[in-house]
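Asks: Read off the chains here:
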Amino acid sequence: MELSAVNLTKRYGSKTAVNRLNATLTNGVYGLLGANGAGKTTFMRLLCTVQRPTSGKIDLDGKSIWKLGERYRDVLGYLPQHFGYYPDFTALDFLLYVAALKGLDDKKAKNVSNELLDEVGLSGERRRKIKTFSGGMKQRLGIAQAMLNDPYILILDEPTAGLDPKERVRFRNLISAFSKDRIVILSTHIVSDIEFIAEKIMIMKSGEIIHFGRPHEITSRINGCVWECSVPTSRVEQYTVSLNISNLRNEENGRTVLRVIADQPPVAGAVKVQPNLEDLFLYYFKGEDGQ
Amino acid sequence: MKKLIRLELRKIFSKRLTQLALVVVLLLSAFLAFSTYQNKYASDGAGNEGTGRTAVEIDKAVAARYSGILTDEKVQQMISEIVPKSGENGLNAIYLYRNTIQSAVSARFSDINGNWNGLRVSDVFGDETVKIGYVDGWLSTSQNMTKVLVIFSFFIIMMIAPVFCGEYSGVDNIILSSKYGRTKCAAAKVIAGIMAALITTAIVLAVNLLMAFVFYGSEGLDCSILFAQLTYIEGSIPFNLTCGTLLVYQSVLAITGAIGVTGITLLFSAACKNQMIALVASVAVYALPLLLPVTETSALFRLIVLLPIYHAQFISLMSVEQMSGILLYAIWAVPAALILIAAGSIFSRRVFARHQVS
Chain A
0 MELSAVNLTK RYGSKTAVNR LNATLTNGVY GLLGANGAGK TTFMRLLCTV QRPTSGKIDL
60 DGKSIWKLGE RYRDVLGYLP QHFGYYPDFT ALDFLLYVAA LKGLDDKKAK NVSNELLDEV
120 GLSGERRRKI KTFSGGMKQR LGIAQAMLND PYILILDEPT AGLDPKERVR FRNLISAFSK
180 DRIVILSTHI VSDIEFIAEK IMIMKSGEII HFGRPHEITS RINGCVWECS VPTSRVEQYT
240 VSLNISNLRN EENGRTVLRV IADQPPVAGA VKVQPNLEDL FLYYFKGEDG Q
Chain B
0 MKKLIRLELR KIFSKRLTQL ALVVVLLLSA FLAFSTYQNK YASDGAGNEG TGRTAVEIDK
60 AVAARYSGIL TDEKVQQMIS EIVPKSGENG LNAIYLYRNT IQSAVSARFS DINGNWNGLR
120 VSDVFGDETV KIGYVDGWLS TSQNMTKVLV IFSFFIIMMI APVFCGEYSG VDNIILSSKY
180 GRTKCAAAKV IAGIMAALIT TAIVLAVNLL MAFVFYGSEG LDCSILFAQL TYIEGSIPFN
240 LTCGTLLVYQ SVLAITGAIG VTGITLLFSA ACKNQMIALV ASVAVYALPL LLPVTETSAL
300 FRLIVLLPIY HAQFISLMSV EQMSGILLYA IWAVPAALIL IAAGSIFSRR VFARHQVS
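Those protein sequence lines, which keep their order, are chains A and B. Each step along the first sequence adds one to the number in numbering that gives the first Met the number 0, with nothing skipped, and position 137 is 136. Each step along the second sequence adds one to the number in numbering that gives the first Met the number 0, with nothing skipped, and position 60 is 59.
Just so you know, these hints were derived from the structure itself, not from any lab. Where hints are given, some of them may not hold.
[Unchecked claim] Here are the simulated lysine-lysine pairs, BS3-like style, with alpha carbons at most 25 Å apart: (1) B:Lys14 - A:Lys66; (2) B:Lys1 - A:Lys107; (3) A:Lys107 - A:Lys128; (4) A:Lys109 - B:Lys2; (5) A:Lys107 - A:Lys137; (6) B:Lys84 - A:Lys128; (7) B:Lys183 - A:Lys62; (8) A:Lys107 - B:Lys183; (9) A:Lys137 - B:Lys84; (10) B:Lys272 - A:Lys130; (11) A:Lys56 - A:Lys271; (12) A:Lys179 - A:Lys62; (13) B:Lys2 - A:Lys106; (14) B:Lys272 - A:Lys14; (15) A:Lys106 - B:Lys183; (16) A:Lys107 - B:Lys2; (17) B:Lys14 - A:Lys62; (18) B:Lys73 - A:Lys130; (19) A:Lys128 - B:Lys14; (20) A:Lys109 - B:Lys183; (21) A:Lys204 - A:Lys14; (22) A:Lys56 - A:Lys204; (23) A:Lys106 - B:Lys272; (24) A:Lys137 - B:Lys2; (25) B:Lys14 - A:Lys130; (26) A:Lys204 - A:Lys179; (27) A:Lys109 - B:Lys272; (28) B:Lys14 - B:Lys1; (29) A:Lys137 - B:Lys272; (30) B:Lys1 - A:Lys128.
This is chain A alone, in the form it adopts within the complex (with noise of 0.2 Å):
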């Protein structure tokens, strides 16, 4: 199956969220990574049918999703980034509730509900109600939901936020056993977790997709642009004002070892250093409010 976006283009009044949006998706962990109001999650949005675009369209093998209707629901999972609950029924009532709207029959909705409160580490409170669950616990509830009607089309926006590190390895785990033969699209603001999982990753910037590749691809833009250099732990503050720095690690020294986003060698005696996707992250969306 081939998902794609062609000249999408969405605007709320005088602002453009995604602009002229061009993309296809085939079998694969998609990793969408942008700067807070980048489009991301409109560009969820609009391939979940949440939202319309303004022009342009998106196909499934080659027919409008629109066209489609609840054909292309049948085969879609979405986590949104926000959303709400039944503060008065169980975990288990809630799958089961979104089992109906997606139309499983009573047995396999059980079945497969129970199974995904397992994956997702929430056995044991598939009778509690959700009000009383904790955000992360509200979140992995919310990435079984996605999963109920084993998608064909996952689609989750920000699904590690929340999650403490276990949940996240966890998480990892779970689509990368999913992700076979699937088109999964994910964004989160923990660029380590595309790392991870991602095979390709889109870039979005003003609602453009600026890059689109896999990691080393698209981290190979910025070969001979990260630095790392050594400098005295009193003067950090001062380089941190100056300089775009991805990482620092102090040593015992009194030195610190700085990892700096630069064309040119910030320090003397800087060394360049292979460039990972936080590099990249930085690279483009150094001032922006960026997740």
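Once you've looked at the hints, dock chain B against the given chain A.
Replies: Frame of chain A; chain B shown alone:
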């Protein structure tokens, strides 16, 4: 679809506010019924008098003496036996109250001194055959139910207002991206909304009628509402209906009112982004007919009176016209309610299906 309807019903009834408000309506019903019962007073003029249960028993005993078709002979008999004469307690007879039958006969057939006013049964009721008996219990129940049903309408608005717009705070993302979110789910919401309104209406009616049975028994259901005591005359229904027919009409109008107000509320629930706005808009539209400067003699009133608030406050609607026998103009409330619910259903489903999350 059945499962979706069941789950939507569960969502409606699992809300604490809904549960609490329903309990309040039922408690109000109980309070009105009990306080009305306790405040009953009757005297048979022969030394027996009392309140509450005693009063009901006295009223029933007096009514039993004259029960049956009202005739001129019975009128004369009642005037001589139970109608008090002026001078007792220093008041004109017209102001004296002993029991419900005495009040009914005094109001129509006696003068201010407690003597016959010269009117015959045919002068007061025309060609109608008026069956008399103990009607006070049922008429009290009907009066109380009118108050309860008006308040109950607001409960329905409160219960139905979140059906669609309650989802707009985030769950719409999940619903509208699911297979049946824009189709069956919207239909299930409408059906569940109607069912919730009907179920709660049935509960409220059942509780009120059951309490009436417990307090007053079943006597008088086949008696005319026209021969009622003084307090029921003003603003009463001028047609020769039995108490049973009256209660059937009131129950049917309670149901049509519930359906109508559900239609209005569903419409605003889908169109408004916020539950509070949906609630206020629904209440405003529901109550608006009462504020319109339209008199009961106006032709426009015949249309306005078909709106749901007049189904709950049913006296005006019941008083418009007797079409034939027990068939009153009020029967038009049924198609009026169906039109409202059809409009509400179609509009709300369309709006929800086209809704875009924000």
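Asks: Taking the hints in turn, state whether each one holds.
Replies: For each hint, the structure was consulted:
{"no.": "1", "hint": "B:Lys14 - A:Lys66", "verdict": "36 Å, violated"}
{"no.": "2", "hint": "B:Lys1 - A:Lys107", "verdict": "16 Å, holds"}
{"no.": "3", "hint": "A:Lys107 - A:Lys128", "verdict": "22 Å, holds"}
{"no.": "4", "hint": "A:Lys109 - B:Lys2", "verdict": "13 Å, holds"}
{"no.": "5", "hint": "A:Lys107 - A:Lys137", "verdict": "22 Å, holds"}
{"no.": "6", "hint": "B:Lys84 - A:Lys128", "verdict": "70 Å, violated"}
{"no.": "7", "hint": "B:Lys183 - A:Lys62", "verdict": "23 Å, holds"}
{"no.": "8", "hint": "A:Lys107 - B:Lys183", "verdict": "19 Å, holds"}
{"no.": "9", "hint": "A:Lys137 - B:Lys84", "verdict": "78 Å, violated"}
{"no.": "10", "hint": "B:Lys272 - A:Lys130", "verdict": "23 Å, holds"}
{"no.": "11", "hint": "A:Lys56 - A:Lys271", "verdict": "43 Å, violated"}
{"no.": "12", "hint": "A:Lys179 - A:Lys62", "verdict": "23 Å, holds"}
{"no.": "13", "hint": "B:Lys2 - A:Lys106", "verdict": "12 Å, holds"}
{"no.": "14", "hint": "B:Lys272 - A:Lys14", "verdict": "21 Å, holds"}
{"no.": "15", "hint": "A:Lys106 - B:Lys183", "verdict": "20 Å, holds"}
{"no.": "16", "hint": "A:Lys107 - B:Lys2", "verdict": "14 Å, holds"}
{"no.": "17", "hint": "B:Lys14 - A:Lys62", "verdict": "42 Å, violated"}
{"no.": "18", "hint": "B:Lys73 - A:Lys130", "verdict": "69 Å, violated"}
{"no.": "19", "hint": "A:Lys128 - B:Lys14", "verdict": "13 Å, holds"}
{"no.": "20", "hint": "A:Lys109 - B:Lys183", "verdict": "20 Å, holds"}
{"no.": "21", "hint": "A:Lys204 - A:Lys14", "verdict": "14 Å, holds"}
{"no.": "22", "hint": "A:Lys56 - A:Lys204", "verdict": "20 Å, holds"}
{"no.": "23", "hint": "A:Lys106 - B:Lys272", "verdict": "35 Å, violated"}
{"no.": "24", "hint": "A:Lys137 - B:Lys2", "verdict": "24 Å, holds"}
{"no.": "25", "hint": "B:Lys14 - A:Lys130", "verdict": "12 Å, holds"}
{"no.": "26", "hint": "A:Lys204 - A:Lys179", "verdict": "29 Å, violated"}
{"no.": "27", "hint": "A:Lys109 - B:Lys272", "verdict": "33 Å, violated"}
{"no.": "28", "hint": "B:Lys14 - B:Lys1", "verdict": "21 Å, holds"}
{"no.": "29", "hint": "A:Lys137 - B:Lys272", "verdict": "24 Å, holds"}
{"no.": "30", "hint": "B:Lys1 - A:Lys128", "verdict": "23 Å, holds"}
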